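Colleague: So the chains spell out like this:
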Amino acid sequence: MIDLRLTPEQIEIRDAVRDFVNQELKPAAIDPKRLEPFEKPLMTDFLDQLSQMGLRGLGLPEDAGGVGADLLTSCILLEEVAVGDVDLAVVLGETSLLACGMYAAMNDAQRKRWMPKFEGNDRFHLALIARDADTERGWSYYQALPEDDLPVGTPDLSAKRSGKGWVINGLAPFVSNAPVAGLFIVQAKIEGEDGTVTVLLGSDAKGLTVDEELPAFGEGGAHARWGHGAIASVTLDGCKVAEEDVIAADAARRLLHGDLHARRTVQMTAINVGVSRAAYEAAVDYAKMRWQGGRHIVEHQAIGMKLADVAIQLEAARSLALKAAFVADHPDAVSERSVNDLPWHAVARTFAAESLHRATLEAAECFGAMGVMRDMPLQKYVHDTLVMKHSMDADLASPLVVAEAVAGYTR
Amino acid sequence: MDFSLNEEQRHWQMEARKFAEDEIRPISVGRDQIADPKATFDWGIIKRGSELGFRTLAVPKEWGGHEADFVTQALVMAELARGDSSVSKTFSQCWKWSHLIAASCTKEQKERFLTPFMADHGFVLGKGGTEANAGSDNRMPPENDPKAGWKLRAERQGDEWVLNGTKMFIANGSVAKLFFVDARTNPDVGIREGSTMFIIPRDTPGFSIGKVFNKRGWRFYQNGELIFENCRIPHANVMGEVNGGVKARANDKSEFGDIELAANALGICDDAVGMAMAYARNNKRAGKLLIDHQLVQLRLNEMYMLTEALRAFVLRTAWERDRKMPDLGNNVLVMNYSQEVVQRVTRANMEIHGPAGCMMHARVDKLVRDAMVWTHLAGDTVQRVKVVKRLPLTTG
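Residue numbers (the working numbering), protein chains in the order written: chain A, 1 to 411; chain B, 1 to 396.
These aren't lab readings, by the way, just hints derived from the structure by calculation.
Be aware that a few hints might be false.
[Said to hold, decoys possible] Simulated crosslink set (DSSO-like; lysine-lysine; CA at most 27 Å straight-line): (1) B:K247 - B:K110; (2) A:K288 - B:K247; (3) B:K324 - A:K26; (4) B:K107 - B:K211; (5) A:K40 - B:K386; (6) A:K288 - B:K284; (7) B:K324 - B:K389; (8) A:K33 - B:K38; (9) B:K107 - A:K189.
Quick caveat: nothing in here was measured; it's all calculated off a predicted structure.
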């Protein structure tokens, strides 16, 4: 059985988000006054409105105050948000993903203490500070993961026992959602031991400092900001954590080493589709309107070929994103042999990152010189898909994650 | 066959390389990161380059220029672009229009315009064709629509012409002292038969600069809006004949404009290759130097292969122009090819560098942004389609 139909509820909420995006968010996001400057502060008013629509707690079970949506539904909605603004989609996707994982990992007392704060405040977002379990995926093809050769940006936190609790010190240079987070989930290396400890830390904790949002150009102009959402560095200086805020070791392992990374990657693929769709929609509208060569340019074969290619790439990428989401929601589809046993998140992300950047560039080309002008949105869509194509999750080596799975290689 | 450069070609190449390395490159990323598009320009670097001869490189010797051949021009553009693509373009834009002056101006006009151009290190040239609703139509006017193309109107009043209208995206718009402007002098026929080219000094009353465009790439380069409101131009400033504007342009057989973009792209590719190789030899992923990863070896191979192929095509085309060989479309093909190469090579450079957490090497990003400009300049569909008429029946 394969059924591509959405439920009436999925269509209803998708259309509600789509209407909000088209009528309110997108016009504000592509205002030349916002597009031209290098710095683009997070549009917090719109973030709050989308949170009120339930997008902050999409994945959270209904009895915990969330929407109880599966990953597939989350992807459908995040694509819609990304058509309007990529940064808001990334912030909401991260909070929703962490809310779901965190709720599962908390004990009852922790839920009682933290969940009302989350549910009661639309501006309460979540952030995770943890070493990625497999930062060198792809690059370490058929070899052991290096222990101490970690890529730039890896958080470096250490925890020291203090009575029944812990004291945490260190720096995490790039933390998604840090500027808007009410609660941090923090993993730190235990000093003098092999293990780690994972704790809950409120943003008001003493010793926790969230730096300014990552600027467009850093280190005296040597580097450009390269990421979406709201990113800042976080410093922990003698941060005391009570034992009651420590996440049980097995729950922490499930949270950080389960499918969190895969789910985030699938969400990012859907967001990537949304960015490219915005470019595509703009190109179709423009091609129908722009008159050159004695006709509307949509009537020229050369423009028709571009639009067709963009539409094809977009549909192919969306199909893979939704398939990857479906597999994450239904792992039994693999065990029952309905779906091949592949890292679908990597398949979808790798394909989408490459094909959607190309497609977005083609959409921009329909605009001629206006495609590169900063008061027009096309150059931003191209840049956003470029950032997604060259990210820690989708880079030169990322297809090798799929190759290892195909070859059956395990470490 | 002989691929060697002569002494003069080598000399200019080395001069340009030194100037790019010592003076252009150090300001390149900083200028790119200035938010205000009007403020990215740096007169200092232009005047300094002019003192070294780069602004007037293409002007014939009888007018005091260097009369460098096309191979030299291509070499110099590539070297300057290795320092900064848009600084290189600011210089070569002057060569483009000095070719036009040499080909289409009268002796009297050359005296009036070339002489001050030669004397002033801050004298930069521009040309206005594009308008808001006239882009592709100017390059390939549709046969069934004589109204297509630029609309800027010029009407004769005695010994003067009165111009009204607006040009868009004009290169060197906010910095040039002299412009060549296409205007309609007969609105009832197509632009090939009904337009005239006017030579217009920047300080002419009724002529002003509007917006300076804010671009993703080539941020140093100034693209501006030219506004003409009852701007009066003496008849003596008509280039070529009345209603012969397109022909005046066509008299310039050098096809320099097409080689220009390809040679500039070559400089960007050389820069990207150098950056990628240095990075791959000095940085590790997963415990191994990048250059020891097959992934990176294959990308470096691709970068070198494409860059050397582009170099061969650029220099061969320049060499053909120097020998005035029949133009069988290579000028356009090399430009179209450069679009694909510059995109692929700058992207490969980004793949090899990769992101550093949530940061990207600023120059690596800049090269990709600069390369995007080629998608509508060098590789646009109109250029590709139009050249087919000139191609021979077979290759080789």
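Colleague: It remains to establish, for every hint, whether it holds in the given structure.
Modeller: Going through the hints against the structure:
no. : hint            : in the structure
1   : B:K247 - B:K110 : holds (18 Å)
2   : A:K288 - B:K247 : violated (33 Å)
3   : B:K324 - A:K26  : violated (54 Å)
4   : B:K107 - B:K211 : violated (34 Å)
5   : A:K40 - B:K386  : violated (41 Å)
6   : A:K288 - B:K284 : violated (49 Å)
7   : B:K324 - B:K389 : holds (20 Å)
8   : A:K33 - B:K38   : holds (16 Å)
9   : B:K107 - A:K189 : violated (80 Å)
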